[in-house]
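Using the sequences and the hints, build the whole thing.
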Amino acid sequence: MVFRAGEPDSEPSAHEALSGFCEAYWPPLYSFLRHRGHPSADAQDLVQSFFAHLLEQNTLSRADREKGRLRTFLLGSLENFLYNEYDRARALKRGGGRQVVSIEEHLPEAEAAMLATVHLSDAGCYDLVWASNIVSMAWKNLRSEFEAEGKAEWLEELRPFVAGGSAKPPSQEEAATRLGVPIATLRTWLSRLRQRFRESLRAEVGSTVSDPADIDGELRHLYQILMA
Amino acid sequence: MDDISVGLGTAKAQNETAGSCATCGRPLTQCGPNGECLRCLISLTFLADGEQPEKPVPRGRLTPGPLRYAHFEVETGADGFPVELGAGAMAITYRARDTVLNSLVALKVIDRKVAQNPGARSRFLREARAAANIHHPNVARVTYYGEQHGECFYAMELVEGETLEARVRRDGPMPLSMALDVIEQATRALAAAEACGVVHRDIKPSNVMLESDPSEALRVKLIDYGVAKVMGPQTHDGVEQTHAGFIGTPAFASPEQFAGAGQLPVDTRSDIYSLGVTFWYLLTGRTPFVGRTMEEIRARQTSELPLEQLKGLHIPGRVVALLKSMLASDPNDRPQTARELLSAVHHCYERFNPQARSRRRKAILASTALILAIASLAFGSWLYQRTGAFTPQERSIAVLPFENLSSDKENAYFVEGIQDEILTRLSKIGDLKVISRTSTQHYQSAPQNLREIAKQLGVAHVLEGSVQKSADTVRVNVQLIKATNDSHLWSDTFDRKLTDIFSVESEVAKTIADQLRAKLTGQEEQVIAAKATENPQAYDAYLRGLAYTLKTGFTPANSLGAQRYLKEAVRLDPNFALGWALLSYVDASGYLTQSLQPTAALREEARQAGETALRLQSNLGEAVFAKGFYHYACLRDYDAAVDYLEQAHRLLPNNSRIPQSLAYVERRRGNWEKSDAYFTEAEKLDPRNVSLLSQHARSYVCLRRFTEALAKLEQILNITPDDTDTLVLKARIAQAEGDLPRASALLAPLRLGADYANALETQVYQAILESRPAPVIAQLKEILAKPDQALGYYNGELRFWLGWAQEVAGDRIAARESWSQARIELEPFLKEQPENFVLMGDLALTNMALGDNAAALTLAERAIAMMSIEKDALTGPRPLDILARVAARVGDPDRAISTLEKLLSIPYEAPLAANPPLTPALLRLDPMFEPLRKDPRFQKLVASSASK
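Chains as they are written, first to last, in the numbering used here: chain A, 1 to 228; chain B, 1 to 948.
Quick caveat, the hints were computed from the structure, so don't treat them as lab data.
For every residue, glycine included, the Cβ atom is placed at its ideal position computed from N, Cα and C.
Chain A residues, not near chain B, derived (Cβ > 12 Å throughout): (1) 55; (2) 58; (3) 145; (4) 149; (5) 150; (6) 173; (7) 178; (8) 182; (9) 210; (10) 213.
Sample of chain A residues with no beta-carbon within 12 Å of chain B, all distances over it, derived: (11) 52; (12) 56; (13) 57; (14) 81; (15) 84; (16) 151; (17) 154; (18) 174; (19) 176; (20) 177; (21) 179; (22) 180; (23) 181; (24) 185; (25) 211; (26) 212.
Partner residues aside, some chain A positions facing chain B, computed with beta carbon under 10 Å: (27) 39; (28) 131; (29) 136; (30) 138; (31) 139; (32) 161; (33) 166; (34) 169; (35) 194; (36) 201; (37) 226.
Next comes the structure, spelled out in structure tokens:
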């Protein structure tokens, strides 16, 4: 996604890609700003201005060239932006800034994420929200794929075995009976489902690093962040 | 993307006190869109199929956050992860910060499994003790050992640089001369360890560091002393060591290390063997004996040395002989002690290292050079003028605490005094930037991480020193160090009689000025050479008094101690101007902060002392400052204070107390911008003075410049993490911005009692703003059940708050009772303190609450008459804030609104839960303004932006 979003000469698709990009990555940025002490309205404005700034500066293609990780790149850029552009950004009247992405609707969740991380540093909050965001997106993409294949219900049945949650998963025997397959088949399905999630997560992480060799390192980082 | 809730489906989970995941058992704090456990999901990537995620091991550390071991905090990198310096199978070494001494260390944390071997901890401790005893420039010192939650850890001196291994990997084999230099230094380390009876057991290129040093000198440090021995499992006599139990690194291990435990002693000779292999590695880039297994290596060690590897390297026969002796398979054929080895290595080093040779030659040439030097003097002085100018940044210095080497620890005051006097003399030189003592006093004397400290303080140079006082003689040693490369510019030792101590102070200051190429004016030359008193007893008393003033905080004990000794000093020498000046400052600050009883007599003593100092020495900066401070602190005569302080500022250009005082005075005069500039100036000289930073933050809060205030508060938290007052102020800012959830998140972890007045009031105010008063009612009742009489009228104030909380809870009867009690408690205090406008405000609000409108208005107006904005821009508007509240409640909306309009347009420190001034958000949330809610003028105020 970095590559596409940063492409300068394919105008309409670039803008589309950018707006998708912004929607995907605003939560950690917003939570970071809130954690740092900006009031909610300011944090919203700042995220908007920051994205507008990325668009103007064509910074994303630079990110690609510099072979970085999107996670650290975006945080670094935001910090630079705050440092260099803060006065300018503050001068933008609320709502008068460029509306790159609509975020109002999901503010409560982002607020909750910020409050749940008061024990962490600003950057720690950012990383945790980032990691959650990436894993969630990977799961969501997988779900969409299954929906497109007409297997949404099947996925719902198998979900507790791979994705945890508050409800205690049924026994594999029970599930096999309900699905009308032998238990060995169920186990094969589960194995495939896990494999597909791994691929989905790798793809998601892959879109945030410019060098595929970094995928494993980044995955390990995300793992450590979530498990801390 | 249609659904952007991804990753943040946490709201529900958070609010319902997140349960735990039925699969992995971890708290369900990170959930996907439909409650998926994100931890389970990411674990799939790292688990084999069918493998279940590991259930969390309950650890002692309950709250997540940065890794901490005792007072060491592991540093995190840009990615938020611990910075690892190295990791092995048995331990991880982190870069960590000693939060007490605020210095960096290498922290080695031994794997839990290793640490839990039977007896392991006692062996760790024993070895750490032994290693800590090795004091040698070539050994990275062990400075701390600790245990925590089943893990053992060591703190070691942090060596910035690279390992020999990294160097050879990068640059290939070393030239002989350099390798000899390295091995010679490493041998010196072995000799030092040998003297302490410590064997390293794991000498290898990755345990030898080359310290980075821009001055090109090679500095070798052995790391991890004492670690290897205890890393292996416990070995009783006769117990064969297995592969797993092998201590050391096979390619560098000695034959006796391969033998079973107890069969052959492992002593310094084993380290000598390993150092031999290391030497070989430096020269060739490989180890002499390689093998796929330990057995193979072991077998080859007894065969001939593969000397063909040295072919083409032009290694002299003498060095080959040295290598052979170090690598002898029988320990008895090697040099028997490190000292013996040192003599052999040194011989080669002297012979084959051209630098060592040139040093010898230099001695011969020195006499010739002298003649040349004289000839070039004229040219040199011209050159000095051309190239000698230091930039202002280079002419900056921090004087670190001096070490007290006196056998009598009671002499600490004397050491502090000498350090401060040298610092004070330096600070009188306008061409230098000298960091204030408040910012340096928390550092160690002679710390390891000079570069880091210099960076924190923003200076290029550091002065270290030590003082030894015995009877009437003093030895002062000082070292002037250039921080960027840790090089000594100058060091000297002065042995003097006590009566002659001034000459040391002025000589040191003078030499430093010369070294840093600072230009001195004639007057500056005079003041730094000045002798404050002819009477050594008076000076001793002065130093004792001075030491009290240098302690943190104005407590009655500190102020009384200082006052007593300074009075003694001026009694012994009535012409001691500096003594009089300091006495005046101690009195005046005691008066202002009430650490001394603020009586008329104290005020008079401050005046007289200041005037005496000025009469004795009219150009003494300290005397002029004392006079200015007296006008500020005792008379609130701001104009006169500013005159004197500005004059003192010119005399003492590096004294941060002066711009600090000017910042306070200008703030009271309402010159907020000027005050801001003085704060910034003071912070340059005193960058780590927490009270200065927090006052600056308070100014921004008064100005409603919350972003800047938060940035300052962050600076404070970087110096003193978890500082309650700072966290409370952050919460108050959140309240003023109308961000109650954030305020609540900040306040929730703090448990406070009545002694944290502002903090407690902030919590109560938060509960009132949130309309959730029940918990604070209980808390206040508990505190008031046993009121602390020392808190004076503050107990009455707390009763007022209790009444307010009870009213918000809808319990009008209880509220009335609390307010009546508050009035009974507050009134007698007003009789005693008829000018106390804060007390008047409290009583005005209490009467208002009780429905006694006339009394409330009268008191509010009396307070306004007593204190005005013109008299004090900081707290002067407080009575107006009270009046607005009273007018709103007693049905005078016109007056309330016009007062609020005024208040929203000016900066000030508010009366309730002191600090942020009223903001539109507070008007919207504060229930006291309820009666105005429907008034369109009020609604306009609430909607207005108060970012100015």
